[in-house]
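Residue numbers (the numbering used here), protein chains in the order written: chain A, 1 to 216; chain B, 1 to 478; chain C, 1 to 752.
Please note that the accuracy of each hint is not assured.
[Stated by the list, open to error] Taking lysine-lysine and the DSBU-like style, the derived pairs with C-alpha atoms no more than 30 Å apart in a straight line are: (1) C/LYS618 / B/LYS202; (2) C/LYS711 / A/LYS134; (3) C/LYS747 / B/LYS202; (4) B/LYS100 / A/LYS65; (5) A/LYS62 / B/LYS100; (6) B/LYS100 / A/LYS64; (7) B/LYS233 / B/LYS119; (8) B/LYS119 / C/LYS735; (9) B/LYS202 / C/LYS711; (10) A/LYS64 / A/LYS112; (11) B/LYS100 / C/LYS482.
[Claimed, not checked] Covered stretches of chain A, as calculated for chain C (at least 3 residues, CB under 8 Å): (12) 33–42; (13) 51–63.
Hints are computed from structural coordinates only; laboratory data are not their basis. Backbone N, C-alpha and C fix where the C-beta goes; we use that ideal spot for every residue, glycine too.
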Amino acid sequence: MLNVKEMLDELNASPYEEIEIRTPHTGVVDFVGLAPGDRVAGPSGKWLERPGTLLANLTREKNKKSICATQKGQVMDIQTALEGRFVEAGERLMTIRHFLSKEEVIGRILKKALHLFCAPERAKYYFVPEIDAKIKAGGEQSVKVREGLDMFIVSRMKRETALSYTGPQGIIYAVYFQQGDNVDGGQPLIGVCPENQLTLIQDVVNRVHGEWEERD
Amino acid sequence: MSRHTLLIANRGEIAMRILRACIALGHDFACVYTSADEQSGHVRLARDLGGPGRLFRISSYQDPSEMLAVADAANATAVHPGYGFFAEDYRFARRVVERKRPLIFIGPSWAVVRDLGDKINTKRIARAHLVPTIPGSDRPIYDEMEAVELAQTIFAFQHDQGIDEGCVLVKASAGGGGMGIEEVYDADTFRSVYRRIRNYAKRNLSDEGVLIEQRIFDFNHLEVQVLAERGGKNAVHLGTRNCSVQSLGRQKRIEVAPGFDPASLDYAFDAAGVLSAITRHSVHMALAVGYDNVGTWEWIVTPRGEPFLMEVNTRIQVENGVSGITARIRGRADCEQGVDVIAEQIRLGLGEPLGYAQQDISLAGVGIEYRILAEDPADRFTPCLGRIEAFGWKPEPWLQVFTQVPPLEHGQEPYEIPMDFDPNLALGIVWGENLDQARSRGVEFLNGLTLEGTDTRGEPLRTNVAFLLSRTQTILHF
Amino acid sequence: MDIDKRTRELAARLTYIRDIFGQRENASVALLRTRLEEFLEQAPHLGMRELPLQVARLEELFALLEGKLEGELSPMDRVRIVRHPQRICLKDILENVYDNYTEIGGQDEWSIDPGIIIARATIARRMGKKTVHQSVMVVGQEKGHGQEFRNAGSIKPWGNANALYYMRVAEIENIPIHTYVFTPGAFPVEDYPGAAQQIAKNLYVMSGLKVPIISVFSEGGSGGAEAIALADRRLMLSHGYYSVISPEGAAAIEGGLKDKATPELIERCAERLRITAADNLELGFIDRVIQEPPLGARPEHYDFFRQLRREVIRATDEVVDAVEGLGPLRGMAIRRQARSADPQDIFVRWSLGQAARTKLVDRRHEKYRAMSRTACRDNRSLGARIASGLEGLLWAAHSTLRHDFLARYKRRLLGLLEAAEAELRALRQGLDGPLGRLLGLGAGQQRRMEVPPEALERLVSLSCPEDCPCRLEDTWVYVSPKSREDRTQTCPNSSTHGCLDLWGPDLFGEFAGVCSHCGHHFPLEFQWYLYNVFDFASAFEFNRELESRNPLDYEGFDLKLEQAKCQTGLGCSCITFETRIEGIATIVAVLASPFRGGTVGAAEGEKLIRAAERAMLKRTPLILYSHGTAGIRIQEGTCGVIQMPRVTMAVRRYIEAGGLYLVLYDTNSYAGPVASFLGCSPYQFAVRSSNIGFAGPGVIRETTGVDVPPKYHRAFSALSRGHIQGIWDRRDIKKNLHQALLTMGGKNLYYR
């Protein structure tokens with residue numbers, strides 16, 4: 001049985017995560033005058049169509065691109081020494097402390113409550129087209145899974161094989177991977193909620209909504 | 001000779017060979033890698049051989065902007081594309097030389113890359129210079145009547161040649177990668193196949209042009225290694241090689257130089273004549289199109305001994321070493337054990353003259369190149385991922401091994417095979433004075449190889465060594 | 001009448017006046033206010049005899065000053081009048097102008113669109129002692145004295161579609177249509193049938209409706225008005241407005257869309273746009289003004305309704321008279337009506353005979369063709385104009401002779417030859433077949449496989465040796481100047497599709513501005529299309545001399561127009577020319593976005609009409625390539641709006657004559673043009689990554705309060721809504737156009 005209170009306390013002890021902002025590719029960096037302690041906003045708008053706060057610009061081959069915040073939070077440190085310099089891909093530019101929102105807390109707790117179906121080996125994972133279409137149309141929770149259902153396409157070294165689901169019957173409650181990204185073996189792909197546990201999940205949601213205080 | 005800085009726009013074994021050639025020629029280099037390649041051989045080699053500012057982490061090997069941004073940051077004067085990635089990308093070659101801060105592209109000029117990059121175009125150019133090509137159309141056909149007539153002619157032609165089961169290949173001219181291609185065995189079904197391919201092409205490729213060719217079975221795949229200097233006035237060849245041992249996906253696994261060995265084996269046709277014909281044709285065509293770097297003319301030779309030009313690879317190839325090891329250049333001390341084709345490529349690419357003529361080149365002995373991969377020949381050559389725990393071989397004067405895997409003994413940190421790329425482990429090239437010696441040395445090399453590891457499921461790592469061994473006995477048989 | 005009620009009425013009249021005059025200080029208003037306040041103060045102390053006298057005096061004063069204020073009305077005041085909740089609305093008109101009516105478009109909020117009322121109404125006329133009830137179809141927007149659900153008369157696409165359906169019913173039943181325009185503009189949503197596309201359909205159908213259409217304008221806001229206002233007689237209430245855009249909208253554009261426009265700027269724009277009844281009468285876009293009581297008609301003005309009734313009857317009579325030919329006496333009487341008796345007394349049957357119905361439509365087309373003639377500049381000399389007129393006549397004769405007369409005989413002759421040849425072939429086949437074999441004729445039994453040497457030669461040698469062995473693909477005649485910059489561009493889809501940065505010279509040169517990974521189309525100059533698709537270098541451009549001018553003398557616009565002409569080298573945003581697409585002669589019109597955003601005014605309209613007429617004459621397809629259009633040019637006011645029905649009519653004539661009218665959208669095409677001559681084409685295609693719609697996302701948010709998704713106007717959305725018929729890759733346009741020419745279009749194309 002899930003001890004929600006204990007987990008909430010645990011999360012309350014460090015109610016944030018640190019997001020490292022790294023350069024997506026090489027280029028010359030210029031920061032836009034942010035300083036440690038500044039608050040930044042994540043994408044906004046009904047369709048998240050407005051990007052978050054501008055953090056830095058990266059210029060490569062005379063093409064200036066902006067790096068924007070993907071989550072709201074607070075700037076912890078900035079590698080100002082990199083200002084105006086050519087940097088490699090994946091260089092850390094700054095760290096942002098992001099306080100967990102209720103949804104994120106729910107996600108974390110559920111990750112422990114749900115049946116996790118994990119990647120058997122390091123590879124790229126995709127949903128099979130039918131399931132992908134269902135998720136796109138009706139959201140993750142519209143998909144029911146059962147033992148033996150062909151769910152994933154595993155792509156390794158440009159060769160593709162099918163992977164079927166094993167575990168209890170239920171609905172997909174959360175998806176933990178990006179299609180087309182490499183997933184290490186043992187990492188969870190999806191979290192499945194058996195239908196008789198739906199009330200438990202609802203309970204977690206209610207508890208978090210009642211007890212978790214969101215901080216900026 | 002001025003000192004250049006070469007950006008090596010590639011990874012793995014070829015990046016290491018370029019890097020070594022670069023240093024041997026007295027040039028500086030800059031290397032790139034991605035986060036998946038932190039442990040790869042070329043990164044370690046660059047760290048060992050280069051000072052700071054020579055190694056750059058980039059987001060992707062496929063992104064030209066990354067390469068050029070690094071080239072500028074490293075103050076590079078030339079770019080070597082290796083093979084794969086940008087090697088046959090004429091747009092990259094054009095961008096390299098036409099940008100505000102131009103660089104030298106170590107490869108043929110972009111117009112040549114473009115013209116010979118297209119198979120149909122290559123066929124037309126070849127025909128324009130009377131180089132033999134596969135019977136069939138040399139431009140997309142849009143008219144059904146014309147297509148039917150052409151197919152009928154090909155069937156009749158095969159019949160006249162005594163080929164019992166004639167076959168015509170119908171393919172979408174804009175297609176590639178095995179899509180939109182079908183074989184037809186009799187004239188009556190041709191029309192329906194033609195329509196199927198045409199409709200496929202119209203729907204998926206938005207160009208309904210179709211190519212119609214004779215389908216040739218049981219051919220041998222031969223290549224001619226050509227070297228040409230900037231300006232395209234001089235060109236020589238380094239002999240032929242036979243690349244007929246391939247995996248299921250038509251990936252080469254064993255390459256042998258020369259292409260045929262009439263001294264040791266019997267052929268149903270004049271093998272020596274074929275070899276001399278294809279080298280003659282290749283060099284002739286290279287000069288005709290103004291070819292100006294290293295390149296490979298790929299031929300198919302039918303069981304009746306007819307050579308047809310298939311395509312031209314406007315780049316260095318994996319198997320360049322097997323031609324190099326059998327070639328000698330008179331008056332060049334560094335070429336007594338063979339020619340380093342990559343070094344020659346860099347030299348020519350930077351604009352140095354060839355410095356020798358065809359008669360200065362002699363071909364000696366037989367070379368065999370083995371491509372050792374982590375794959376399962378029994379299971380459709382499926383790649384096998386995992387880690388290598390032990391890897392090593394006994395050095396011999398007749399052996400060259402190129403690998404990005406470090407020499408490993410039990411107990412050392414194992415080598416993880418990077419999963420984003422083909423699971424190539426090593427290239428082993430053996431040389432012998434004749435075919436028998438080369439074959440026995442090949443067997444000796446393969447048997448003496450230490451290669452142990454486990455795959456991701458914990459089972460022993462599968463490799464294609466046994467497949468290579470089994471095929472060694474039949475190489476060059478036709 | 002009781003004093004209390006009369007004072008309450010006076011107070012209401014004062015409130016109304018103050019609503020109309022807004023914030024402005026006005027001596028008359030102040031006087032009325034003080035007088036009324038004084039009276040209200042004194043009233044308790046006044047005697048029973050004094051009170052009515054005082055009230056009567058006050059009423060007189062009100063009447064007097066209202067008359068005076070009437071003269072001081074600014075255009076913006078008129079806008080406030082028509083938007084006032086006390087303004088007469090369609091229900092009032094149905095009740096007071098007509099003798100009986102039944103609503104058929106729904107009831108109150110139970111309607112597909114409560115903003116529009118459709119009703120069958122009757123007008124009773126005397127015929128001697130008999131009373132004849134004449135039926136009409138009444139269609140119009142209903143503002144409903146402030147009823148929320150009426151949406152202020154802003155009509156949704158399905159409302160306009162319903163209106164159109166019942167107008168068609170009226171055509172079947174052969175009864176006149178009376179439309180009443182009470183709309184600030186259409187509701188700009190794209191849901192099927194789509195704001196723009198439905199208005200275009202309305203215009204297209206209405207231009208050919210074979211029954212008299214009378215429209216009465218109170219509030220005529222741009223495209224929303226046009227959806228029901230294409231009429232044979234256009235009447236306007238004296239306090240109404242008819243405009244290309246609301247003054248607020250114009251001010252927002254003038255002042256830059258960022259901040260809210262100031263009231264002064266709105267006033268100024270209202271003046272500059274020339275939106276009043278008098279202005280529109282002068283410009284010739286309406287036929288008659290119906291005088292309202294001072295400060296506008298309200299439901300209690302019964303006299304006004306009687307007058308309105310007389311005017312609509314008279315207008316209908318006039319239309320019928322013009323096409324049907326009434327008896328001489330009645331005709332004369334109608335024409336004299338302005339001065340004389342009630343038209344009700346002269347009976348005119350409103351159902352038209354067959355000939356009259358055709359004539360009616362012709363008249364309607366002539367009427368609109370003649371509008372806004374002087375609103376553009378024709379730089380041709382008199383000689384050139386005469387020559388072009390003559391040329392037109394010659395072409396007409398030529399086309400009739402060549403395509404109708406000769407072609408028929410040619411076809412017949414060819415048919416005969418063909419048949420003869422086929423017979424011969426059949427005979428020969430017969431000889432080869434079983435019959436022939438029986439007779440021992442024809443070839444031997446065994447098919448021999450011998451290949452003739454020349455066929456063999458074809459298999460192995462270069463085909464078409466006269467061509468260069470290298471196929472030069474993707475070489476464009478015109479290459480964008482952007483391709484000369486050594487810099488990379490990021491595809492807007494890179495975050496979702498993982499597109500790599502593209503190098504400018506590759507992207508704008510060889511790739512023709514198309515992302516090589518995801519197929520996103522970066523915008524390109526219209527010259528790219530002119531030269532690479534339409535072969536402009538060898539095309540013949542016509543009507544180049546027609547140039548835009550400033551018909552309303554809109555302040556500051558002359559300068560902007562000159563700038564646009566200098567920058568683009570064009571006289572207006574429209575280029576019309578004759579060209580060949582893969583050998584097929586075609587007339588092409590291009591709306592070029594760099595010239596004032598590709599907006600359409602009188603010059604563009606005239607050029608488009610002439611292009612359609614030319615295509616009809618020469619029997620060629622007509623292709624309209626919209627490189628981008630922001631809508632109707634607001635600075636030309638109603639001279640611009642009127643191009644919507646004008647060009648749509650020309651296009652309809654052309655399509656009905658059997659031509660092929662094909663529209664191709666690129667970049668951004670919005671508003672008026674899409675809602676008329678672009679949207680009415682049965683064959684509309686879009687270049688990938690273009691946007692098509694009625695109003696942009698900003699305007700939608702402002703008018704409807706709804707945020708639209710980021711890709712709301714994308715071509716693919718328009719395609720799934722059924723607004724367009726296909727999406728083309730830029731690099732394949734020429735091929736697709738040729739394909740379209742071969743497979744689409746009517747019977748009258750010369751190459752058919």
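Quickly compare the C-alpha distance for B/LYS119 and C/LYS735 to 30 Å and report which way the hint goes. Between B/LYS119 and C/LYS735 the Cα gap is close to 24 Å, so the pair holds against 30 Å.
Are B/LYS100 and A/LYS65 close enough, with their CA atoms no more than 30 Å apart? 20 Å, holds
Go check the region 51–63 of chain A versus chain C for me, would you? Three or more residues, Cβ under 8 Å, otherwise it fails. holds (count 4)
Restraint check for C/LYS618 with B/LYS202, where alpha carbons must lie at most 30 Å apart: 33 Å, violated
Taking 30 Å as the top limit, are the C-alpha atoms of A/LYS64 and A/LYS112 close enough? 42 Å, violated
Holds or violated: A/LYS62 with B/LYS100, Cα cutoff 30 Å? 11 Å, holds
Take the C-alpha atoms of C/LYS711 and A/LYS134, compute the straight-line distance between them, and say whether it is at most 30 Å. Given that 30 Å is the threshold and the Cα spacing comes to 21 Å, the pair holds.
Are B/LYS100 and C/LYS482 close enough, with their CA atoms no more than 30 Å apart? 15 Å, holds
Proposed proximity, B/LYS119 with B/LYS233 (alpha carbon, max 30 Å): 24 Å, holds
Restraint check for B/LYS202 with C/LYS711, where alpha carbons must lie at most 30 Å apart: 28 Å, holds
Counting residues of the region 33–42 of chain A whose CB is closer than 8 Å to a CB in chain C, do you get three or more? Since 0 is below three, the answer is violated.
Between the alpha carbons of C/LYS747 and B/LYS202, is the straight-line distance 30 Å or under? 28 Å, holds
Of the numbered hints stated above, those contradicted by the structure are hints 1, 10, 12, listed in ascending order.
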